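S.K.: What follows is the residue order along each chain.
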Amino acid sequence: MSATLSVIPGPAKDMNASLALGRKRKRANRIVKTLCLTATGLGLIFLASILATLLSKGIAGLSLTVFTTSTLPPGSHGGLLNAIVGTLIQTVLGAAIGTPIGLMVGTYLAEYARDSALGNAVRFVSDILLSAPSILIGLFVYQIVVSPLGGFSGFAGCLALALIVIPIVVRTTEDMLRLIPSQLREAVIGLGAPKWKMIVLICYRAAREGIVTGILLAVARISGETAPLLFTSLGNLNWSLSLTKPMASLPVTIYQYAGSAFQDWVDLAWAGALLITAAVLAVNIVARTLLRGRK
Amino acid sequence: MRLAATALALGLGVFAFAAQAQQITGAGATFPAPVYTKWGEAAKAAAGLELNYQAIGSGGGQNQILNRTVDFGASDAPMDPAKLESGKLLQLPTVMGAVVPIVNLPGIASNQLKLTGPLLTEIYAGKIVKWNDPKLVELNPGFALPNLAIAPVYRADGSGTTFVFASYLSAVSPEWKEKVGAATSVKWPAGTGSKGNDGVSATVANLKGAIGYVENAFASQNKLTTAQLRNRDGKFVSPTEAAFVAAASNGDWANAKNFAVNLIDQAGAASWPIVSATFILLPKDPKDPARSANVRKFFEWAYKSGDAIAKGLDYIALPAAVKEAALKTWSAEIK
Amino acid sequence: MSTTTETGAPPLTGRRGSNLGDTIFAALAKLSGIFVLAVLGAIIAALALGGSKAFIAFGPKFLSSNDWDPVQETFGALVPIFGTIVTAILALAMAVPLAFGIAFYLTELAPAWMRRPVSTAIELLAAVPSIIYGMWGFFVIVPIMSQYVQPFVIDTIGELPLIGPFFQGPPFGTGILTAALVLAVMVIPFIAATMRDVFDTVPAVYKESAYGLGCTTWEVMRSIVIPYTRASVVGGIMLGLGRALGETMAVTFVIGNTNRIATSLFGPGNTIASIVALEFPEAETGSLKLSSLLALGLILFAIAFIVLAISRTLLKPGMKA
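Each protein sequence line maps, in turn, to chains E, G and P. Here the first sequence is numbered in this note's numbering, starting from 1 and rising by one per residue. Here the second sequence is numbered in this note's numbering, starting from 1 and rising by one per residue. Here the third sequence is numbered in this note's numbering, starting from 1 and rising by one per residue.
Hints listed in this document are in silico derivations from the structure and should not be mistaken for laboratory results. All of these numbers come straight from a predicted model, not from anything done at the bench. Glycine residues also receive a C-beta, built at the ideal position from the N, C-alpha and C atoms. Watch out, some of these pointers could steer you wrong.
[As the list claims (entries may be wrong)] Simulated pairs of lysine to any residue, SDA-like, Cα-Cα distance not exceeding 25 Å:
#: 1; chain 1: P; residue 1: 207; chain 2: E; residue 2: 37
#: 2; chain 1: G; residue 1: 88; chain 2: G; residue 2: 292
#: 3; chain 1: G; residue 1: 83; chain 2: G; residue 2: 325
#: 4; chain 1: G; residue 1: 88; chain 2: G; residue 2: 303
#: 5; chain 1: P; residue 1: 53; chain 2: E; residue 2: 143
#: 6; chain 1: G; residue 1: 297; chain 2: E; residue 2: 150
#: 7; chain 1: G; residue 1: 83; chain 2: P; residue 2: 53
#: 8; chain 1: G; residue 1: 127; chain 2: P; residue 2: 158
#: 9; chain 1: G; residue 1: 328; chain 2: G; residue 2: 255
#: 10; chain 1: G; residue 1: 130; chain 2: G; residue 2: 106
#: 11; chain 1: E; residue 1: 26; chain 2: P; residue 2: 206
#: 12; chain 1: G; residue 1: 83; chain 2: G; residue 2: 288
#: 13; chain 1: G; residue 1: 208; chain 2: P; residue 2: 144
#: 14; chain 1: P; residue 1: 30; chain 2: E; residue 2: 196
#: 15; chain 1: P; residue 1: 30; chain 2: E; residue 2: 37
[What the hints assert, rightly or not] Between beta-carbon pairs, the in silico distance windows are:
#: 16; chain 1: P; residue 1: 157; chain 2: G; residue 2: 236; range: 39 to 45 Å
#: 17; chain 1: P; residue 1: 208; chain 2: E; residue 2: 208; range: 49 to 55 Å
#: 18; chain 1: P; residue 1: 163; chain 2: G; residue 2: 143; range: 36 to 42 Å
#: 19; chain 1: P; residue 1: 56; chain 2: E; residue 2: 31; range: 21 to 27 Å
#: 20; chain 1: G; residue 1: 308; chain 2: P; residue 2: 73; range: 38 to 44 Å
#: 21; chain 1: P; residue 1: 61; chain 2: G; residue 2: 82; range: 27 to 33 Å
Sequences are here, hints too, so could you generate the full structure?
M.R.: Set out below in structure tokens:
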């Protein structure tokens with residue numbers, strides 16, 4: 001560590017100059033502190049403004065029918081039941097497909113291929129997928145699943161979401177496994193346990209909360225995704241649980257209703273936006289509480 | 001891990017016990033989505049059919065029916081005849097709609113401002129830039145038009161509405177036709193884009209001096225400030241149902257190949273100049289005849305009993321003769 | 001949200017001989033890794049294949065032409081590339097100082113009881129779905145920009161020589177600057193969280209000795225924390241940049257979608273992700289337009305690749321310091 005401490009004044013030769021310098025330093029410190037407080041305040045204001053907008057516009061459309069009725073044409077008092085259930089199914093299934101793969105990749109990177117060329121390549125590629133625009137993922141699944149099979153399906157939507165889950169789970173799993181102290185590993189190996197048992201029984205357990213947090217963050221992310229579903233699960237106006245048929249989802253419904261001419265559809269879109277944000281934020285708070293409970 | 005396993009089991013369970021209802025799937029243009037879904041709701045009770053229509057855009061509708069991923073496609077722009085041929089598709093009209101200009105000018109109420117096609121073209125080309133331009137003042141002698149910048153707003157997303165509006169500008173201005181032309185999105189010389197009808201109307205509402213264009217259904221449901229247009233006969237008309245119907249009934253349906261009738265800038269003293277039909281696209285070689293029959297049953301019902309619903313949502317119903325011709329073609333082309 | 005930290009040991013490989021369970025587990029892990037590699041390879045191959053028609057038709061001019069005319073079927077990628085880079089850089093210019101302030105506040109200034117709730121609240125900003133950001137941006141930020149900020153700025157700064165032209169034009173509320181602002185809010189939590197995490201890695205003993213010498217908090221931050229964590233901070237910023245480059249839904253609401261290179265920050269523009277999302281639904285199979293959109297997707301991957309490569313090289317030495 002060779003940080004330069006040039007700002008620290010030497011022994012004061014001149015008392016007055018030293019006092020003036022001290023005042024100047026204190027003033028700079030106060031200004032920076034104020035600016036930081038303002039920045040934090042601004043961040044909080046952004047969040048509050050988003051929530052306030054959703055609440056003020058979403059409350060109007062929120063009623064019991066939202067949860068008991070499927071989407072209906074304008075003026076027919078429809079709800080969002082099929083979209084809510086469709087989002088639940090696709091999110092859960094997408095996470096169920098993506099999580100084991102992501103977990104294994106994360107394990108590979110942390111336990112087997114820390115510095116190997118293949119490991120570095122996989123890590124790099126996974127991080128690129130992390131910031132890839134989700135519409136391109138949807139386009140890809142359309143090309144390899146929807147187009148050859150000749151139809152939109154809830155399953156194609158799940159696959160697209162799974163592809164978004166994988167890099168998120170990879171990142172958190174690898175980070176969490178790397179935090180496990182080497183003494184713990186050495187102790188287990190020293191007892192004569194095979195490596196895979198060490199990973200599954202000891203490392204996963206030690207990193208449990210962190211890994212679960214990653215999965216929950218991934219769930220939160222995909223439950224709000226619109227772009228990858230537009231060309232995979234398409235959406236469905238009717239009640240349908242079939243994974244081989246088009247399936248409704250909240251984000252796609254919001255996307256289509258928000259721009260419609262009819263006030264009841266617009267209200268429903270905002271109600272849906274409120275619901276999905278509330279759910280995503282709740283999942284996040286749970287995930288973060290879990291993570292912090294560990295520390 | 002346990003969470004994932006439970007989720008997987010749940011998912012597979014849902015998969016196995018999925019409901020097997022008889023469904024027709026359609027996808028395409030956003031513009032007719034409300035009327036198709038409303039028809040779907042009524043037809044479910046009347047004819048026992050469940051329609052799933054998804055508004056993914058006209059181009060998307062054309063792609064999906066070409067790939068046969070849906071039972072029918074829907075498009076605002078008529079499809080290229082060669083593509084219809086090679087894709088083995090039948091194109092039929094369902095309803096009509098109009099596009100209307102909306103403005104935000106202090107002190108000017110709906111349908112007070114008078115505009116002409118060539119002036120609209122110059123505004124969207126960025127050539128007329130102030131509301132007190134002599135050409136606008138001359139047309140509107142009763143109002144004190146302000147010294148305010150004109151801010152043209154167009155659809156940011158590719159859309160059939162843009163196609164219809166740009167077709168109108170191309171029809172009235174050879175220069176526009178040559179330099180810009182008409183498509184679902186074009187190279188706008190001036191102004192800004194906003195996503196969807198709602199985006200355009202909100203951007204116009206935010207900014208004094210803004211002008212935009214939206215579907216009639218959107219303007220009338222949201223009581224937007226529209227403007228009058230001068231039609232081909234030189235008469236100023238307001239965007240009313242009567243004006244739309246007048247234009248539609250003047251269309252030369254009999255000679256339109258693939259029903260791709262041109263309703264833009266129609267003759268007739270009462271005609272609104274920006275009217276167009278929207279279309280469905282059907283496979284001539286359906287892989288599942290039962291589904292194809294259901295689609296036919298649905299639209300037969302819609303032609304027969306759907307007019308009131310269409311009017312209720314501010315669409316224009318097709319003339320009876322056109323519907324008859326459409327069903328006749330359908331019977332001849334799809335066995 | 002978290003950064004890679006090297007506190008674990010190097011991998012212990014094959015110390016216990018070959019065990020069947022080990023072999024299977026290791027193979028499974030490796031296979032999953034190869035699967036991820038294959039998926040990205042397939043995505044890039046699909047985009048390259050789909051975009052090849054545009055690359056062949058326009059050649060290198062595709063990258064340098066600003067002509068995007070769906071009617072004439074001539075497409076150039078310059079405007080979306082320009083818009084992508086400009087909005088992302090502007091977004092960072094706004095987000096980095098704010099994120100730095102937040103991270104500084106959270107690690108050094110905030111009272112202990114406030115750190116956790118404030119930290120969580122800032123991180124929640126990252127969890128809001130991007131379509132919600134789009135709706136919020138359009139219904140809250142755009143009217144404020146159009147009715148208050150832009151008219152004021154156009155009448156004041158817009159009249160000045162030299163910098164004036166950057167702040168002229170009609171106050172639509174939408175445009176490059178608004179898109180950058182929404183993007184900034186979206187990437188603040190990512191950058192702030194990374195900065196907070198790396199600031200926390202500075203050994204307390206360094207900071208305490210500086211405080212002991214009589215340094216103020218700001219001096220400790222400037223002279224100890226920032227030099228110590230500089231590389232990681234830049235790496236975190238690059239990660240935020242990666243997110244800003246690929247953001248789709250939120251940008252489509254506020255960018256204005258025009259294919260002219262904007263001279264004014266209030267003018268409408270385009271980004272690669274937004275033009276793909278806005279125009280894809282109307283692009284027909286086999287058309288040159290669809291091919292151009294897929295080619296744009298490939299270019300976006302190339303940009304993301306470069307940004308990530310830079311952030312990797314910056315993050316690495318920082319962590320080992």
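S.K.: Look at each hint and say if it fits the structure.
M.R.: Right, here's what the structure says about each hint:
no.: 1; hint: P:207 with E:37; verdict: holds, 21 Å
no.: 2; hint: G:88 with G:292; verdict: holds, 14 Å
no.: 3; hint: G:83 with G:325; verdict: holds, 22 Å
no.: 4; hint: G:88 with G:303; verdict: holds, 23 Å
no.: 5; hint: P:53 with E:143; verdict: holds, 17 Å
no.: 6; hint: G:297 with E:150; verdict: holds, 23 Å
no.: 7; hint: G:83 with P:53; verdict: holds, 19 Å
no.: 8; hint: G:127 with P:158; verdict: holds, 22 Å
no.: 9; hint: G:328 with G:255; verdict: holds, 15 Å
no.: 10; hint: G:130 with G:106; verdict: holds, 14 Å
no.: 11; hint: E:26 with P:206; verdict: holds, 21 Å
no.: 12; hint: G:83 with G:288; verdict: holds, 22 Å
no.: 13; hint: G:208 with P:144; verdict: holds, 14 Å
no.: 14; hint: P:30 with E:196; verdict: holds, 13 Å
no.: 15; hint: P:30 with E:37; verdict: violated, 47 Å
no.: 16; hint: P:157 with G:236: 39 to 45 Å; verdict: holds, 42 Å
no.: 17; hint: P:208 with E:208: 49 to 55 Å; verdict: violated, 34 Å
no.: 18; hint: P:163 with G:143: 36 to 42 Å; verdict: holds, 38 Å
no.: 19; hint: P:56 with E:31: 21 to 27 Å; verdict: violated, 58 Å
no.: 20; hint: G:308 with P:73: 38 to 44 Å; verdict: holds, 42 Å
no.: 21; hint: P:61 with G:82: 27 to 33 Å; verdict: holds, 28 Å
Going down the numbered hints, you'll see the structure goes against 15, 17 and 19, while the others check out.
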